[in-house]
Amino acid sequence: MLTILILMPFLCALGVLLPVSKYFRLKLFGAVSLAHSLFVASFWKEFPPSEYHGFLVLDSLGLILLSIISFLFLSVSIFMIGYFKHELGRNRVFVTCLFLLLSMMTLVAVSYHFGLLWVAIEATTLFSAPLISFHRSQQSLQATWRYLLICSVGIALALMGTFFLAIAAHDVHTLLLPALLKGAPLLSVNWLKLSIIFFIVGYGCKMGLAPTHSWKPEAYGQAPGMVAVLMAGALTQCSFLALLRIAQICNKTGLTDFFSSILILSGVLSLIVPAMFILGERNIKRAFAYSSIEHMGLLVLGLGLGTVGLFGALFHMINNALAKVVMFLTAGSLAQKYGSASADEIRGVIHIYPLTGVFLIAALLAGTGMFPFATFHSELLILNAAIISKHYLMAAVGVVCLGLMFIGIGKIILNVIHGQPKEPLLAKKENIYMNVAIAMAGILLISIGLWMPSPLEKLLHNAAALIVSV
Amino acid sequence: MTSWVDVICIVIVFLSLIILSNHRVAAMIGVFALQSFVLGLLPFFLHASSISSRDIMIGLVTMILKAALVPYILFWAIRHVSMRSEIKPIIGFGASIIFGAIVIAGAFWVSLSLKIPGQPASDLVLPCSLSTVLLGFMIMVTRTRAVTQVLGYLILENGIFLFAISLFDVMPVLIEMGILLDIFVAVFIMAIVVNHINEEFEKNTASVVQSNMGETF
Amino acid sequence: MNIIFLILSHWLIVLTLSPLFLGIISKVKAFFAGKKGPSFFQPYFDLQRLFQKNSVYSRTTTWIFCAAPIINLAAVLVLSALVPLGTFKAPVKFSGDILLAAYILGFARFFMISAALDTGSSFEGMGASREAFFSCLSELALFMNFITLSFVSHSISLSAMIGANFPLSWTLMGPVLLLVVGSFFIVILTENARIPIDDPDTHLELTMIHEVMILDHSGVDLGYMLYAAAIKFFVFASIMVPIIVPVQSGNTAWDMLIFLGGMLVLSVTVGIIESTMARLRLNRVNNLLLIAFALAFFGFVVKMWRM
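Residue numbers (this note's numbering), protein chains in the order written: chain A, 1 to 470; chain B, 1 to 217; chain C, 1 to 307.
It is worth saying that the hints were derived from the structure and are not from the lab.
Watch out, some of these pointers could steer you wrong.
Just so you have them, the derived chain A footprint on chain B, three or more residues with Cβ under 8 Å [claimed, not checked]:
{"no.": "1", "stretch": "140-150"}
{"no.": "2", "stretch": "154-161"}
Simulated coverage check for chain A against chain B, where a stretch passes if three residues somewhere in it have a Cβ under 8 Å from a Cβ of chain B [claimed, not checked]:
{"no.": "3", "stretch": "126-140"}
{"no.": "4", "stretch": "159-167"}
{"no.": "5", "stretch": "189-195"}
One-sided excerpt, in silico: chain B residues whose CB lies under 8 Å from chain C [what the hints assert, rightly or not]:
{"no.": "6", "residue": "Ile-51"}
{"no.": "7", "residue": "Ile-97"}
{"no.": "8", "residue": "Leu-124"}
Because the structure is a prediction, the values reported are computed rather than measured.
Even for Gly, the Cβ is constructed at its ideal location relative to N, Cα and C.
Please work from the sequences and hints to get the whole structure.
Shown next as structure tokens:
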């Protein structure tokens with residue numbers, strides 16, 4: 001089952017390299033994404049059996065990520081049908097890389113071996129790079145370059161971490177997760193600590209945590225909207241899954257405090273830094289990128305705080321992904337309509353494209369964690385965890401930073417929505433596919449926010465239990 | 001054959017130092033190829049008494065990918081452009097050699113407190129690989145050309161590999177191959193990006209962007 | 001009485017053998033250039049010719065200019081007394097004589113540079129400034145090598161360092177010695193003004209370092225300078241050869257033969273390098289010297305790590 005799920009997009013990637021029509025590629029991508037989602041939906045009923053001697057296993061943590069990936073690809077594939085109506089360029093490399101990305105992200109979600117996990121995450125980095133420079137302007141190439149370089153170094157450090165873990169596990173003789181968990185007392189603590197540091201720095205680079213976040217505004221600012229969605233919603237969370245896996249080991253070896261303290265530090269830093277930069281930002285996509293850094297900070301903060309925070313972080317993974325769909329797809333469709341994502345170019349959206357205007361407001365609310373959207377709940381859970389664990393200052397800093405974020409993004413979006421359009425715009429029609437893709441995620445996000453279905457709750461509890469179980 | 005492993009470790013660090021002090025991109029790529037070749041020799045000396053098929057395979061794949069294909073791709077990436085030499089590194093060449101020496105000493109000092117469990121092939125492996133990683137990192141940070149930054153990344157990877165090849169057999173061969181392949185693809189994509197950057201530059205040299213990009217590329 | 005006899009015999013060997021190796025180097029270079037080249041003994045003839053001539057002194061020069069060649073020759077002779085030559089033990093040895101060795105070199109160089117400045121010629125001034133800069137860096141590498149070697153051999157006397165039990169050391173300390181040899185070789189090339197640092201045959205004052213400094217010396221003085229240079233190369237080579245070829249058979253004749261063979265190979269190597277490489281651009285030379293230092297330092301670090 002899992003093999004099929006990985007191989008299907010991979011083979012399709014090879015298929016679309018052939019000279020087939022542009023629309024066939026899009027349709028195939030839509031079909032594969034749909035099939036992928038159906039498979040994943042079936043996993044909610046019953047987990048598939050493990051494959052390849054336990055290298056490929058789907059557990060609750062993996063299922064959360066896999067569902068996110070699947071949903072994101074589905075909505076992107078719908079969005080793309082509309083997007084490429086107005087895009088003249090070719091899409092061979094683009095769709096190929098999307099397929100490969102889907103394949104590798106699936107592998108991330110189901111790999112139970114730390115080496116394999118690394119290989120898959122590195123592959124996602126590589127296949128997402130060509131997507132950023134889709135428009136191939138100088139700025140986008142520069143952004144791609146920065147992304148490639150920073151993430152490659154980060155990933156190389158994570159590889160070092162993997163090897164250190166292997167040394168720590170010298171007496172266990174394998175890097176398979178269950179064996180590591182079972183043989184936790186045999187692990188050498190010093191090496192494990194070293195490997196934890198390298199893992200956090202390495203995969204943190206890939207997540208865009210604060211000191212190494214500089215690629216994010218560039219890359220998300222230049223990438224087409226749907227690529228930004230996949231990167232902010234799925235790619236970064238793939239690395240978060242790696243951190244969750246390490247958290248499992250830390251918990252077994254009693255290194256949770258060590259692990260948590262680093263995570264909390266980088267989490268708080270990731271809350272503060274974007275809040276400082278957001279106020280001067282004029283580009284919608286870049287502003288959303290800062291918001292993404294903020295969300296990553298919240299995730300690791302939640303993981304660092306444990307228990308309630310952990311539950312909040314897992315919940316936030318889902319909400320963050322859905323919110324990113326609303327945010328970046330709206331920004332992407334706006335950027336295509338106006339030819340730019342800069343707030344100086346775009347004016348009066350609500351008058352010309354009422355529906356997109358509504359989506360923009362939804363994006364603002366979802367991205368900054370306002371009520372009916374589920375992001376509100378998960379952020380509240382994480383801040384709550386800070387208060388429960390008596391980190392009052394941290395909670396206060398978090399609230400202030402989130403407030404600044406709201407002001408920063410709100411300023412841009414309200415500017416964009418109102419005001420007079422600069423010139424009588426030849427209003428392109430709103431595209432039904434684009435709007436469906438955005439609306440789907442928005443509605444889902446609101447409905448989770450209003451009422452959490454019991455299977456989801458159960459899944460989150462199970463996943464949290466994997467990490468904090470004794 | 002411990003001493004041969006020692007010598008290989010030392011030579012790898014030495015070659016990183018040479019790359020650090022070099023200013024001609026083509027020469028740097030050549031030295032990198034040599035370094036990778038030496039790295040590829042390592043598996044053959046590890047278990048001198050009984051060379052397993054695993055050793056042979058890893059050695060050969062390392063040589064083919066890193067000592068032949070990757071340098072070839074890099075040469076391809078710099079062929080069309082006037083990218084012959086690193087113009088202005090952030091830290092001068094002389095200063096970077098001194099820093100390099102300090103970095104090596106630091107790596108050795110750090111490794112003092114780390115004890116590798118089991119029986120490592122040589123006690124020089126850990127400090128030497130750390131040194132190489134740090135030197136590669138230094139090259140990445142201090143050099144301003146895209147190609148030289150890729151080279152820095154590759155040296156960093158070589159350092160990690162020095163460590164990986166010699167220390168353990170925990171990784172299944174398939175995954176080790178996956179790691180190598182990933183790195184190869186990384187370089188491939190980086191080379192393509194470098195090439196695109198060059199093309200963009202030849203198309204419009206007077207653009208606004210160049211003012212802030214010219215530094216980097 | 002005995003010690004004086006030893007020193008004199010030591011100097012006799014040094015004085016008779018040292019020009020031969022310069023002859024070998026130029027023969028190798030001639031061979032690579034496809035020429036027949038001068039005889040192996042050409043340096044002897046040159047010296048003989050120079051010693052028969054009178055010196056000419058410019059009116060601007062002072063006593064420093066006259067003293068420098070003699071001091072130079074005297075200094076390298078004193079240095080040679082500290083260095084064992086194959087089976088011939090060094091007549092003078094005491095703990096810490098590596099420092100003396102290094103400073104004798106510095107002393108000789110100081111007078112050479114002063115004499116070059118004394119001429120008041122801009123070319124020689126330029127050469128002097130380059131010599132001062134490069135020797136400053138090469139001294140760094142030289143000291144680092146000495147430090148590493150003294151840690152390997154647990155002594156700070158040249159005789160003990162070179163005469164130490166290197167066959168054992170190579171198996172234990174292979175990587176360290178490899179680095180030291182590499183670094184020391186660069187030092188030899190620098191100290192003796194060889195390609196790729198300096199070109200002894202060039203006639204362009206703008207690019208020369210060592211040669212331009214002795215441009216104003218003539219006759220006997222020039223002979224002293226050349227002789228000093230030949231001895232310096234000989235001494236450096238005889239420090240390096242026992243490290244590379246640590247064979248000690250016990251048979252004196254064999255050992256001496258091996259030593260001389262090593263010297264020969266080293267000279268040929270230098271000759272090959274001179275024929276195949278080009279001189280480095282001046283602003284790259286310091287990088288090479290810094291690499292020599294880094295190598296020696298790396299060797300030191302490895303040595304400390306292995307302790």
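These are the hints, each one checked on the structure:
| no. | hint | in the structure |
| --- | --- | --- |
| 1 | 140-150 | holds (count 3) |
| 2 | 154-161 | holds (count 3) |
| 3 | 126-140 | holds (count 8) |
| 4 | 159-167 | holds (count 5) |
| 5 | 189-195 | holds (count 3) |
| 6 | Ile-51 | 22 Å, violated |
| 7 | Ile-97 | 4 Å, holds |
| 8 | Leu-124 | 7 Å, holds |
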